[in-house]
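K.L.:
Spelled out, the chains give:
2 protein chains.
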Amino acid sequence: MTDFELEFWFDFASPYAYLSAGRLDDWMSSAGINVRWMPFLLGPVFKKQGWQTSPFNLYPLKGKYMWRDIERLSKRYDVCFNRPDEFPQHTLLATRVAMAGCDEDWLPAFCKRIFHKEFGLGQDISGMKAVISSLEGLVDNPAGWMKRAVTAKTKKALVERGTEAERKSIFGAPSFITPDGELFWGDDRLEHAIEWILRRR
Amino acid sequence: MTDFELEFWFDFASPYAYLSAGRLDDWMSSAGINVRWMPFLLGPVFKKQGWQTSPFNLYPLKGKYMWRDIERLSKRYDVCFNRPDEFPQHTLLATRVAMAGCDEDWLPAFCKRIFHKEFGLGQDISGMKAVISSLEGLVDNPAGWMKRAVTAKTKKALVERGTEAERKSIFGAPSFITPDGELFWGDDRLEHAIEWILRRR
Numbered sequence: 002m003t004d005f006e007l008e009f010w011f012d013f014a015s016p017y018a019y020l021s022a023g024r025l026d027d028w029m030s031s032a033g034i035n036v037r038w039m040p041f042l043l044g045p046v047f048k049k050q051g052w053q054t055s056p057f058n059l060y061p062l063k064g065k066y067m068w069r070d071i072e073r074l075s076k077r078y079d080v081c082f083n084r085p086d087e088f089p090q091h092t093l094l095a096t097r098v099a100m101a102g103c104d105e106d107w108l109p110a111f112c113k114r115i116f117h118k119e120f121g122l123g124q125d126i127s128g129m130k131a132v133i134s135s136l137e138g139l140v141d142n143p144a145g146w147m148k149r150a151v152t153a154k155t156k157k158a159l160v161e162r163g164t165e166a167e168r169k170s171i172f173g174a175p176s177f178i179t180p181d182g183e184l185f186w187g188d189d190r191l192e193h194a195i196e197w198i199l200r201r202r
Numbered sequence: 002m003t004d005f006e007l008e009f010w011f012d013f014a015s016p017y018a019y020l021s022a023g024r025l026d027d028w029m030s031s032a033g034i035n036v037r038w039m040p041f042l043l044g045p046v047f048k049k050q051g052w053q054t055s056p057f058n059l060y061p062l063k064g065k066y067m068w069r070d071i072e073r074l075s076k077r078y079d080v081c082f083n084r085p086d087e088f089p090q091h092t093l094l095a096t097r098v099a100m101a102g103c104d105e106d107w108l109p110a111f112c113k114r115i116f117h118k119e120f121g122l123g124q125d126i127s128g129m130k131a132v133i134s135s136l137e138g139l140v141d142n143p144a145g146w147m148k149r150a151v152t153a154k155t156k157k158a159l160v161e162r163g164t165e166a167e168r169k170s171i172f173g174a175p176s177f178i179t180p181d182g183e184l185f186w187g188d189d190r191l192e193h194a195i196e197w198i199l200r201r202r
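Protein chains in written order, with our numbering: chain Y, 2 to 202; chain V, 2 to 202.
Looking at chain Y on its own, in the form it has when it is part of the complex:
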């Protein structure tokens, strides 16, 4: 069992999580930070705060700013960005596949493919086709993983993941949690989380 140094909590619907997902590899290789990818669903978290959709939709000024901010940050980080037509997208299927593969080596690669399709290319990632094509070449049996994604076991694991998020006081994504339980929220706090870990090594 690997000791993880940083938990990366994300919902595929989050544009800021897209940016973090693309930046984690650099930190993993430059600082040797061992990251655990923690897919979860923001929907239930938002509902508990009384929101039926993303706050970026509920508060249009904030939403408009967010897209501009993401555009600027994408340039800053040298990553593609194309705004998808729909926001937030239905991420349940992709999230279930990620949960089914939560202990697999291919998990980060799969997640980055989903994020890239969604925010790099601006595509719809809600359906079977987008999800299965993100598995192809990464796993021997993509169809098998699609089946595993909808088993009762995976669904239960996803619900438990939500309970864990709540226990850890997570209220948005991306969130980063260190082994000593320190919570950092937002792509702009990734470096703070890394420094927190490095100072305690």
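If you're looking for bench data, these hints aren't it; they were derived computationally from the structure. Being a predicted model, the structure only gives us computed values, none of them experimental. Where hints are given, some of them may not hold.
One copy or two, either will do: identical chains are not told apart, so a pair holds if it fits within one copy or between any two.
What the hints assert, rightly or not - Calculated cross-link-like contacts (lysine-lysine; reagent style DSSO-like; alpha-carbon spacing at most 30 Å):
#1 K157 - K63
#2 K63 - K156
#3 K169 - K130
#4 K113 - K63
#5 K65 - K49
#6 K169 - K76
#7 K169 - K154
#8 K65 - K48
#9 K49 - K63
#10 K63 - K48
#11 K63 - K169
#12 K169 - K156
Got chain Y; can you put chain V on it based on the hints?
P.N.:
Showing chain V alone in chain Y's frame:
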């Protein structure tokens, strides 16, 4: 008339604006950025979003995280931080004084004193005493400025400032606006705003 390169929009009630207020001097001297301090009231902005108080109070998880984040950032920036008993504080009087002195050289020093009392020392800054003592030594006639703060002219200027905030799509504080109208929101975007300006010089 000075040409301003960066507008710093703030409400005295914002802990993140406190952090930015303390960091602007460094940028002003190191990069020669000419900052215009723009006091305004967040209350009316929040009300338009349907909030009767700060979102940090409306969403307790987010609020709890914010205070922890401010505590960490204060250490990072080497500034004092003491959480005041009340949040958000009534900033109307201090804001009116700042509006009365919006073209005066003492404005930044006055604002930094208010912020320091409030979040550096954790004191109440809503009353006359805290406000007038923040003027002492900065202006010849503190009592005169206290009177000017409550004139119809100043009140009108403050309302117009709110209209300007709305026109500029400001939805929170601190916000930074460049001469070409680019909006940056949050203390963590101060450096982005500075870079934006420097690249265009």
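K.L.:
Next step is simple, just say for each hint if it's right about the structure.
P.N.:
Comparing the hints with the structure gives:
Taking the shortest Cα distances, K157 and K63 sit within 30 Å of each other only across copies (27 Å), while inside one copy they are farther apart (34 Å). Taking the shortest alpha-carbon separations for K63 and K156, only the inter-copy value of 27 Å comes in at or below 30 Å, while the best intra-copy value is 33 Å. Taking identical chains as interchangeable, the C-alpha atoms of K169 and K130 are never at most 30 Å apart, the minima being 33 Å within one chain and 42 Å between chains. For a Cα distance limit of 30 Å, the shortest separation of K113 from K63 qualifies both inside one copy, at 26 Å, and across copies, at 27 Å.
In this assembly of identical chains, the alpha carbons of K65 and K49 lie at most 30 Å apart whether taken from the same copy (24 Å) or from different copies (16 Å). Taking the shortest Cα distances, K169 and K76 sit within 30 Å of each other only across copies (23 Å), while inside one copy they are farther apart (32 Å). Proximity of K169 to K154 under the C-alpha cut-off of 30 Å is restricted to the intra-copy arrangement: shortest distance 22 Å within a copy versus 50 Å between copies. Taking CA atoms no more than 30 Å apart as the test, K65 paired with K48 passes in both settings, with 22 Å inside one copy and 19 Å between copies.
Taking identical chains as interchangeable, the C-alpha atoms of K49 and K63 lie at most 30 Å apart whether they share a chain (20 Å) or sit on different chains (12 Å). For the identical chains of this complex, K63 and K48 are neighbours both inside a copy (19 Å) and across copies (14 Å), given an alpha-carbon limit of 30 Å. Taking the closest pair of Cα atoms, K63 and K169 come within 30 Å of each other both inside a single copy (26 Å) and across two copies (12 Å). Proximity of K169 and K156 under a CA criterion of 30 Å is satisfied intra-copy only: 20 Å inside one chain copy versus 45 Å between copies.
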